[in-house]
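Chains A and B, in that order, give the protein sequences. Take any residue in the first sequence, count from 1 to its spot, add 1218: that is its number in my numbering. Take any residue in the second sequence, count from 1 to its spot, add 1192: that is its number in my numbering.
It is worth saying that the hints were derived from the structure and are not from the lab.
Residues from chain A shown here face chain B by an in silico Cβ test under 8 Å; the list is partial:
hint, residue
1, Tyr1298
2, Arg1426
3, Leu1509
4, Gly1621
Computed from the model, here is a short list of chain A residues facing chain B with C-beta under 7 Å:
hint, residue
5, Glu1282
6, Lys1283
7, Glu1300
8, Ala1387
9, Asp1514
Quick reminder that beta carbons are idealized off the backbone N, C-alpha and C, glycines included.
For reference, the chains in residue letters:
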Amino acid sequence: MPGQKIWDPIRPARTPRDPFQGESPWAKVEHLVILIPVFLTISTTGTDQRPATDLGFLLHKHPEKAQSFSTAHGLAHVFYPEATAERCTAALLLEVDPIALVRRGRGAKGRGGSPDFALAQYVNDRPYAASSLLAVAMSAVFKSAMKGDCKNRPELAAVPQPLTIELPAVPAKGGAELVRRLFEPLGWLVEADPLPLDPAFPEWGDSRYVGLRLTGTLRLAEALSQLYVLLPVLDDAKHYWVAPDEVDKLLARGEGWLAEHPERQLIVRRYFSRRWSLARTANERLELARLAEADDREPEELDNAVPEETATAEGEPEEPKPTPLAVRRRAAIVERLREAGAKRVLDLGCGEAALVAELLKDRTFTEIVGVEVSARALAIAARRLRLDRMNERQAARVKLLQGALTYTDARLTGYDAAVLAEVIEHVDEERLPALEYAVFGAARPGVVVVTTPNVEYNVRWESLPAGHVRHGDHRFEWDRAQFRAWAERTAETYGYAVGLGPVGDEDPEVGPPTQLAAFTRTDDTTTPKGA
Amino acid sequence: MTDTEARSKRTLAVPDLSLVVLVGTTGSGKSSFAARQFLPTQVVSSDVCRGLVSDDPNDQAATGDAFDVLHYIAGKRLAAGRITVVDATNVQQESRRKLVELAREHDVLPVAIVLDLPPQLCAERNSRKPDRAHFPPRVLQRQQSELRRSLRHLEREGFRKVHVLRSEAEVDAAEVVYEKRYNDLRHLTGPFDVIGDIHGCRSELVTLLGRLGYAVTCDADGRAVDAAHPDGRTAVFVGDLVDRGPDTPGVLRLVMGMVAAGHALCVPGNHENKLGRALAGRKVTVSHGLKESLDQLAAEPPEFVAQVREFIDGLVSHYLLDDGRLVVCHAGLPEKYHGRTSGRVRSHALYGDTTGETDEYGLPVRYPWAEEYRGQALVVYGHTPTPVASFLNNTICLDTGCVFGGKMTALRYPERELVEVDAEQVWYEPVRPLISDAPGAREGRPLALTDVAGKRIVETRHHGRVAVREENAAAALEVMSRFAIDPRLLAYLPPTMAPVATSQREGYLEHPDEAFAAYRADGVRRVVCEEKHMGSRAVVLVCRDAEGSAGEKRFGVPTGGQIWTRTGRAFLDDVTVPGVPVEHGEHGEHGEPGGHGSHGAVTRAVLDRLRAAAESAGLFAELDSDWLLLDTELLPWSLKAEGLLRRQYAAVGAASGAALGAARAALAAASRRGVDGLDVAELSERQAARAADAAAFTEAYRRYCWTVEGLDSVRLAPFQLLAAEGANLAVLPHDRHLAWIDRLVDADVSPLLRPTRRLVVDTEDPESCAAGAAWWEELTARGGEGMVVKPMASLVRSEAGGGRLVQRGVKVRGREYLRIIYGPDYTRPEHLTRLRSRALGHKRSLALREYALGVEALDRLAAGEPLWRVHEAVFAVLALESEPVDPRL
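Using the sequences and the hints given, assemble the complete structure.
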């Protein structure tokens, strides 16, 4: 099964019993947990011959009893609001203890109670709808039902039942539309109504929660398995945890329906991205996350130097990577560097080091320095370049530095060339003079290659809404005249000659998608200059 | 040398910063000599270094590595300005050459002390040492002959002083005596009047001295020969007394007289240097006004010219004054050369740092060393004529081109006042126009990455050294460089504030009683309780004119002001307010950038209203300032935090309501049916309580949100004036602040400004404390976020706490408000009990450190310190904000 291969790489080395022990990310990241209550009902209809109360046999829970079960993160209550031959409804109410959840995280590795340890790992979290906890609770409370075991009435378990499943508040990234895409192919009639955020502020619109009602005739075990897998996928919460051993269960639960599901890719990708973000959060972004918090912002708003792994629009096929334009841009840059005879090159704002990797392939570049302000981008760059495993000769050619281009940086002086590839548009226009001084005035490389989008071309991007920039972080996008004016003024101020050129196919009307300027220092002064 | 001389004590003079090279064969007693004369840590021994790298002090195979280590240690010591003694044979010229190079590299003088003892004595000593006994005699013989050959060359090799000791008796009688370097006048504390380039403008000099308060003495011929200040001030001349101007001899006569009388100090300029060489008969190109000097001196008697020669000859390249806080030289000097002694330092001091290039006028291109200067000492220099003398990074150039028809300028130190005299006429036509712009000036006095990056220690006046860890600096760098406003405007970031100690009172996590008790314990009686506005923190810089000339003048940015968030982001740039037209940026015809809101239009609109209020309240006039920096809260919270509210708070409310509604209905149905087992009634009750909590949660955040329909629904609640020109106001008592704020709010004709309610409490008076608590209850019952309790006196130290800084305030948040922080049902007893074990220590420490840094930034701003110094402290606040601390506190 192809799914097997997809899951394999994420299988953890250790599979502790308790998700809050050992490797649990709860131990690494203390979450501020504001829990949405978790509530679910399963109803079926019947007749006197086939009474609806048979649901009790299937669930292994007596319809005349209300019961509580202790699960890993709180109490799960099962009771039947109605239980007649015509109609029977089982309700599952999960009372998660948020404080215990946090404290358990703190207690990992025998360091419980040490506030310093816990706080050192702190990062704030989004409200946590506990879809994964519901999945875990379901698997505990309805274990046999989910497996399709039914000791007393085995024939019932094998037969599809008329079922109605209701969840009054389900987090659904992608909205009602995605809920339908996930459940309808499985044979459900889906009613999904978005919950408004706050009636007092109608302008805020709908929340990402929907009231969900699924109606269909399915085997109960199948229905439960689908919920078990799809509820967390719908949630797509960033910092959300499935215990390592749940991975295996998830595989098992997907059997028989996941492989044929038309949204299989999305389901798989969301699962992957969740795991990925989790690791990332735990290791790389805490300081930034705290600064975002101080400003009432999402960490993603600050830490946006690396594109999200997931496609932004649901269901949209991911853009093939690397895009041809990015490849052509790098080729154009490398060509300019070769023409200039540059050997020691700075890639200023190197991001994940795609250009650095390209330059490394060419022995004429004897020293390549990638400079980037985003610590996360640098970490990914180092990983991609495999810096730690590079042989000494190769390693001696490449260096990655954290630096910010609005500050002068003595480490960057004396190079043959510098590249600012798709960088300047990420700097506020008011701050550009500082960058110009730092690069052209202070670092003063012999050659500077700058690329930036040509805003005129935006009308040719079909997917780009009119008037929008190509990247949320672009502070400006220039047309050809603006870029030329900037380039000429900068060259004039700092003693460079400049030539401009296109990158990508030039449109007769709006020009190329990317514009490039190659600056060549005209005097021999390598010392700071300007004004 | 006779025996008698040898027996008497002999002093070996050694400059107090030098590289002392001991020279002598094995067994000559270098190590014992060094041990007697120097501290053990001052001596770097080749034997020890051999041992360090090879475990055997005599392992000759390790010599190469051992000397690498020796040079490395010696280099580190010299770089740090510590005298260093090299204990090695050093009999070979090659090994000495490396040491002389090392000394030059660190701009210190190399000194040789030679132990030239009889070979028999050395051999006999070696034989007594078991580890040296096996040395073949020829080794010693070879060393001996090498030493002999060396003796004559030592001075030529570059050793500034050479002391040779020829017998055991001489060695025993020798005593190393440190001598001060010529440039070290740190014991002179002034006050000083530093005077810029004169170039023969005697008349202007006399006028300037008069203006500075000096009484000029004239000789029988009416020529000025001395000038003294009645308060005993000392004049310091930065050089270039001569050339170009009308009366070089007159200037020299006066300055030489003042120096001789002890009324002045003088460092040489490049023009003195060249004149000196010309007078010594050396061949020089007579240019740049030298001819005028030579012609004028030709009319003087030869004795005078001889005195001039002697005077120029004796000038010291630069001076360290006032305990090292002031450095005077002609052409500027980077910090690493301060107090150093080498040809390079001298030439730097005289000619400045040049790039080796020449400009279109054929003049040398100067390296902008002052841009990079980060030293503590004020460097006062001349050399480069500029139209106006101004401070840059704690340096100032006083050459204002008097001889070219500009001005002659003096700096009063420590007052840091400039005193000027206009040139009487253009005495000499300049080759090129005076340079007005230093490099980078327009680009914003470039900050260097090394000003902020990496692990750092920031010295604060009120809380000592505050450390910033590397990872926190890295995060701050990302935010500062990518999202923050121009650092020239970003003079302050608000420190975090700790909450009050946790209350044990039933139903409460925070209560005012603990705040009053804590301040009482710190000996603070009068505290002010200020209403906490629930919006978003905003620091506001408002300049007196909207057009930007005041902003340009003080901050170098033509702006009417700026409003920024806790992390230095432009507050309102990505906010749109209905009715405020969206404008494009300055350069702005470009495409509509996504998410970039109003492009400052809302900011400008808010600043206009605030400016009008401040003007009409007379605050600019009263504080004699063209700008004000204020700490404020901008409301509603939803204006900035709408995204957060929608994603987090409202979503929690909506989903909780829906889920709990359904759960309660189901429980009610089950209860009606009557089921066994579990107590459904109890479960039902619990869900009802949770539903009530969820509703209270929604109610809590709703109070801080309203729909902004136009500028009139935006509120700004200023609660403190932070700074004005030349003044750090943040350290003033809060009653003064509140009085200013009240005037400001009263003067506002728009609905923008919101007053801050307050109550003064006496922490020693139980009734007053009770009133404070009641006031808080009332405030929070009506939906208020809570209050901040601050010492009335603002900056306070605790006597009980050994003089440590007292928290500038603690917040006491309302019971309902805390639902937003701790979750809807935090008030349930089982939750509250556990939440009470929150740890406050780190938050408090962080609050204190950030407070000290904030005050430090304002102090530095008020003192007119360089941008990098202000930015360093502000950046550190941002970095500390990324430290791990429970954000619910």
